[in-house]
Amino acid sequence: MIHLTIQGIEVVVEEGTTVLEAAQKAGIRIPTLCYHPDLKPFGSCGLCICKQEGSAKIIRACATPAAEGMRIITHDNELNEVRRTILELVMSTHPASCLTCVRNNKCELQKLCVEYGVREQPFETRIKTLPKDTSTKAIVLDPSKCIKCGRCVQVCQSLQGVYALEFIGRGDATQMCPAANLPLGDSPCIKCGQCAAHCPVGAIYEVDEGNVFIKEASDSEKVVAVQIAPAVRVALGEEFGFKPGELTTGKIYTALRRLGADYVFDTNFGADMTVMEEASELVGRVTKGGVLPQLTSCCPGWIEYVTKYYPDLIENLSSAKSPMMMQGAITKTYWAEKMKIDPSKVYSVAIMPCTAKKVEIHRDEHMRSSGYDDVDLVLTTRELARIIKQFGIDFASLPESQADSPIGEYSGASTIFGVTGGVMEAAVRTAYNQITGKDLSDPDIMTVRGNGSFRHGALDIEGKATVRFGVVHGMANAKQVLDEIREAKKKGTRAPYEFIEVMACRGGCIAGGGQPLGTDDEVRSKRTSGSYTDDKKSAVRCSHQNPSVKKAYEEYFGQPLSEKSHHLLHTEYKQVPVYKN
Amino acid sequence: MAQNLFSDELLGFINEWKDKPGNLIMVLHRVQGEVGYISREAADEVSRLLDVPLSTIWGVVTFYHFFKLNKPGKYNIQVCLGTACYLKGGDIIVDELGKLKGLEVDGLTEDGKFSLEAVRCVGCCGLAPVMTISGEVFGKVTKDQIPGILDKFE
Ligand code: SF4
Ligand code: SF4
Ligand code: SF4
Ligand code: FES
Numbered sequence: 000m001i002h003l004t005i006q007g008i009e010v011v012v013e014e015g016t017t018v019l020e021a022a023q024k025a026g027i028r029i030p031t032l033c034y035h036p037d038l039k040p041f042g043s044c045g046l047c048i049c050k051q052e053g054s055a056k057i058i059r060a061c062a063t064p065a066a067e068g069m070r071i072i073t074h075d076n077e078l079n080e081v082r083r084t085i086l087e088l089v090m091s092t093h094p095a096s097c098l099t100c101v102r103n104n105k106c107e108l109q110k111l112c113v114e115y116g117v118r119e120q121p122f123e124t125r126i127k128t129l130p131k132d133t134s135t136k137a138i139v140l141d142p143s144k145c146i147k148c149g150r151c152v153q154v155c156q157s158l159q160g161v162y163a164l165e166f167i168g169r170g171d172a173t174q175m176c177p178a179a180n181l182p183l184g185d186s187p188c189i190k191c192g193q194c195a196a197h198c199p200v201g202a203i204y205e206v207d208e209g210n211v212f213i214k215e216a217s218d219s220e221k222v223v224a225v226q227i228a229p230a231v232r233v234a235l236g237e238e239f240g241f242k243p244g245e246l247t248t249g250k251i252y253t254a255l256r257r258l259g260a261d262y263v264f265d266t267n268f269g270a271d272m273t274v275m276e277e278a279s280e281l282v283g284r285v286t287k288g289g290v291l292p293q294l295t296s297c298c299p300g301w302i303e304y305v306t307k308y309y310p311d312l313i314e315n316l317s318s319a320k321s322p323m324m325m326q327g328a329i330t331k332t333y334w335a336e337k338m339k340i341d342p343s344k345v346y347s348v349a350i351m352p353c354t355a356k357k358v359e360i361h362r363d364e365h366m367r368s369s370g371y372d373d374v375d376l377v378l379t380t381r382e383l384a385r386i387i388k389q390f391g392i393d394f395a396s397l398p399e400s401q402a403d404s405p406i407g408e409y410s411g412a413s414t415i416f417g418v419t420g421g422v423m424e425a426a427v428r429t430a431y432n433q434i435t436g437k438d439l440s441d442p443d444i445m446t447v448r449g450n451g452s453f454r455h456g457a458l459d460i461e462g463k464a465t466v467r468f469g470v471v472h473g474m475a476n477a478k479q480v481l482d483e484i485r486e487a488k489k490k491g492t493r494a495p496y497e498f499i500e501v502m503a504c505r506g507g508c509i510a511g512g513g514q515p516l517g518t519d520d521e522v523r524s525k526r527t528s529g530s531y532t533d534d535k536k537s538a539v540r541c542s543h544q545n546p547s548v549k550k551a552y553e554e555y556f557g558q559p560l561s562e563k564s565h566h567l568l569h570t571e572y573k574q575v576p577v578y579k580n
Numbered sequence: 000m001a002q003n004l005f006s007d008e009l010l011g012f013i014n015e016w017k018d019k020p021g022n023l024i025m026v027l028h029r030v031q032g033e034v035g036y037i038s039r040e041a042a043d044e045v046s047r048l049l050d051v052p053l054s055t056i057w058g059v060v061t062f063y064h065f066f067k068l069n070k071p072g073k074y075n076i077q078v079c080l081g082t083a084c085y086l087k088g089g090d091i092i093v094d095e096l097g098k099l100k101g102l103e104v105d106g107l108t109e110d111g112k113f114s115l116e117a118v119r120c121v122g123c124c125g126l127a128p129v130m131t132i133s134g135e136v137f138g139k140v141t142k143d144q145i146p147g148i149l150d151k152f153e
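Chains as they are written, first to last, in numbering that gives the first Met the number 0: chain A, 0 to 580; chain B, 0 to 153.
In isolation and in its complexed conformation, chain B is listed as follows:
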C-alpha cells in the first residue's frame, strides 16, 4: 500500500526535500496536490519518510485552512459560519444539507458527489448567508433554494 500511495515523482520530491529546513509544509502541499487531501494514511507516510512525528504533521494540517483532512467530493460545498452568516442562518443551510443529502460537516455523500466544509467568512458578508459549491458563490441562501442549487450539480 505504501508504495502506491504516492507517485514516484512525489517520492522523489520528498527525498529531495528530506533534510531541508521548513520542508514539512512544502511536502504536505505537494501531497495534497496529488492526493487531494491529507488522509491519515498520507500523513503516516509523510511521518515515516521525513521522520517527523505524526502529531507535528497533524498540528500543521489543522492549523492552516489550506489543508484538507477529508476526502473532497466531486463538488465541494462550503458553508460560511462566520459571524455575519451565522447570524443570518448559516447553520440552517448545514442542517438542510444534512436532511437532503445526509451530509455532515467534513463529511462526504455516499456517492462521493458532495462534500461539506464549514468555513469562516468567504469575504462577502453582504450576501450572508453564503455557500459556495466548487468555487461558485451563492448568496442570501434560503432553505427552499437549496434543492434547486444542488440540482445544478447533479
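Just chain A, same shape as in the assembly:
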C-alpha cells in the first residue's frame, strides 16, 4: 500500500493507482478532458496537471502513478490559472455554438469552462468549419467541434478493435476520421456508437430522429406501436435524477403513451421469442451435428464486425433475428392480424440503448419480413429522454403502467439480455428444459455472470449434454476466440465450445452507444444489478414459461423453427467488405 497526501489529506492506495484516482479517494476531483476511466491515459490535454510540495516539477495526474510519501497539490491559484489558459486555448479553435449543440449542458468542455470561469477569448480564434460526416444512419462526425483528445480513436481501436477511426494528418489539420478520405459509412465502422458515448464534446453524436417520432405519433391515421429494449429500463431514469440501475419500466410505458404511442410493447417479449428460437437451434446443432460453436446474433454491431472481419464464421452465427427485429415482425403479423389492424397503418418504433440498431432495421430484405419495414424507427435512450423533456413530462412523478398484451409480457430471462452473459444464461435456462424436460431448480447461472472480458467454462446438463460456453463483451475481446475458431476450422477440427455470446459494447447493451452519457464501470455494474433485480422479481424466470410466448406459438408460430418462424423470426447473413470503396 502507498501513503500520500492530496491537498494535505492523507490517503492510502494500492500500488498502480494513479494520482488522479488517489485524489478521487480523497474526495477531490482533478479536471480532465482527454482521460476516460475506460481507456489508457493519453496525456494530451494537460488539464490534470498537479504540483508536488517542494518540487518544481509538474505532473500529469492521469498518467502518474501514486508513490510513497508524495505530497500533491491539485488546486492552487497558479494551477487554476494554467488550466484556465489551456481552456482558453482550446476554445480558440472550438466553435462557441453551445446553444445549438446536441451536447449543450452535457459537454465536458463546457462544464470545465464554467468551473474555471472562462469568460473571455484572449487568443485569436482559428475556427475551421469542416463538413460533417453524415454517411451513416447511426452517428454523425462533426470535426469542427473536435478537440483532439483522442478518446474516440482509442475506443474504436483498443476497446472495439475496429480501426475505423485514426488520427489522420498532422498538426492543426489532424482529424479523427477513416482512412483515404472515406466517409464513415464506407469504412470498417460497425456503428456501435462507443466513440459518441466517449466523446467529451459534441464532435460525435447519435443521429437524432426524435422529430420523426413526434411527427408520426401525432398522425391519427397511424397506429403507433412502441417497444422498449431490456437495457433502457435500467438507464433512462438517470436522465431524470434516478440512480443508474433503478428500474423505471412502468414509468417509461406511461411516458410513451403520453407521447402518443397507441400501444406499448416490450422488446423483452421479443427476447423471450429469441430464446425459444435460438435455444432450439442450439439443441438442434448439438444433437443433430450442425455447425458449432453457435454464435449469438442479437447484437448488430457484432454482426457487422463478423460479416466484415470473419466472413468464414458466418455459418456459425445463429440465424435467429435480434429481439427487436422479432418484436417488429410479430407486431406487424401475429399481433396486427389478431387485432384486425391493417399492418400498413402500423408504425413500429423501438427504443434502444444502441446506435447500431438504427442501421440494423435497414440491413436487408429479411428486415421486411412482414411485407413492410418490420421496425420503422429506432430511437436511442438519449433521444427518448430529450423528447420526454421537450414535452414537459415530469418523469419522476409519472404513475406506472403495464405493457400491452399479448406481446408485452416478459420473463426474467429476457430482461438480462442487456447484460453481458445474459443471452447465454437465458438460452441455457430454456435449453436445459428442452434437453431434460425439467426446469432448473435455481435459474441463476452464476458461472456465466461477471465482467471478465472473455469468460468461459462448461455447463453440465444432468449428464445428458455439456454446453461449453464462452462470453465476450467489448468488440476487441472477441478476436482471441474468433481466431481460435478460425484456426480449428482450417485444420478441419472445431474449437472446444458449443455456444458463444458476443456483445460489441463493454458490459453489454446496458452500456450501449445510445445510453445516457457518463458511463463507466461503476455505472455499468449498477445497471447490471438493476437487470438482475428485474429478473429476480419476475414471476416467471424462463422464456419457455412466459404464457404469452406459449400462446404465440399455439396461435400462430406452431413451434420454434417452424416454417413461419423461419420466415419471420430468422435471417441470413452475407459477407460485407471491410471498406466499401
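Among the hints, a few may not be true.
To be verified - Once the Cα atoms are required to be at most 25 Å apart in a straight line, the calculated BS3-like pairs of lysine-lysine come out as:
#: 1; chain 1: A; residue 1: K490; chain 2: B; residue 2: K17
#: 2; chain 1: A; residue 1: K214; chain 2: A; residue 2: K388
#: 3; chain 1: A; residue 1: K489; chain 2: B; residue 2: K17
I should point out that these hints are in silico values taken from the structure, not numbers from a laboratory.
Once you've looked at the hints, dock chain B with the ligands against the given chain A.
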C-alpha cells in the same frame, strides 16, 4: 493486379520485415521508392501483407511530410503556403496554376506532366513567395512570371 503492383524484390523485403517491430515505416518507404507515391492500392496491399489496419497506414502516411499520397507528375511543383509566402501571395500562384494548367493542390495535369503540392516553408522565406519545380527554386514569383517558368519544363 495484386501480383504486379509490387516487384518481387519489394515483396521479398516486406516478407523479411513482416514481423519486425517498426516495420511499417520501412516498408512504406520502400513502397514509395518503387511506386513513386503511396496509392490507395499500394496501401491496401501493405495492409494485407503486414496485417496492419489501413487506417494505421493512412495515419502514418498523412503524418510524415515525406510520404506522397498522389501520383507525382513528370515535374512536381511545390508552392509554399507557409506564413511568409502566404502573406506575399503564395495562394495567387496556386490560383494561377489552376487557371493555366487546371491544376489543383494534390492534383495532376491530364498529360501527367505537372503535379502540384502545397508545402509549409521550404526554408527560404527571404524569397517569398516561393515555388519549386522538381527541386529548382523560384523566388519572389509574380503571377506574370509563371507561364515563362512553366515553359522551361515543357
Ligand atoms: S461507431 Fe464504433 S466502430 Fe464506428 S467509429 Fe465509432 S467506435 Fe468505431
Ligand atoms: S471526436 Fe471527440 S473523442 Fe474524438 S478526438 Fe475529437 S473530441 Fe475527442
Ligand atoms: S452490445 Fe448492445 S448496445 Fe452495443 S452494439 Fe450490441 S446491441 Fe448495440
Ligand atoms: S486528463 Fe491528464 S492529460 Fe488530459
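Against the structure, the hints come out as follows:
| no. | hint | verdict |
| --- | --- | --- |
| 1 | A:K490 / B:K17 | holds (24 Å) |
| 2 | A:K214 / A:K388 | holds (16 Å) |
| 3 | A:K489 / B:K17 | holds (22 Å) |
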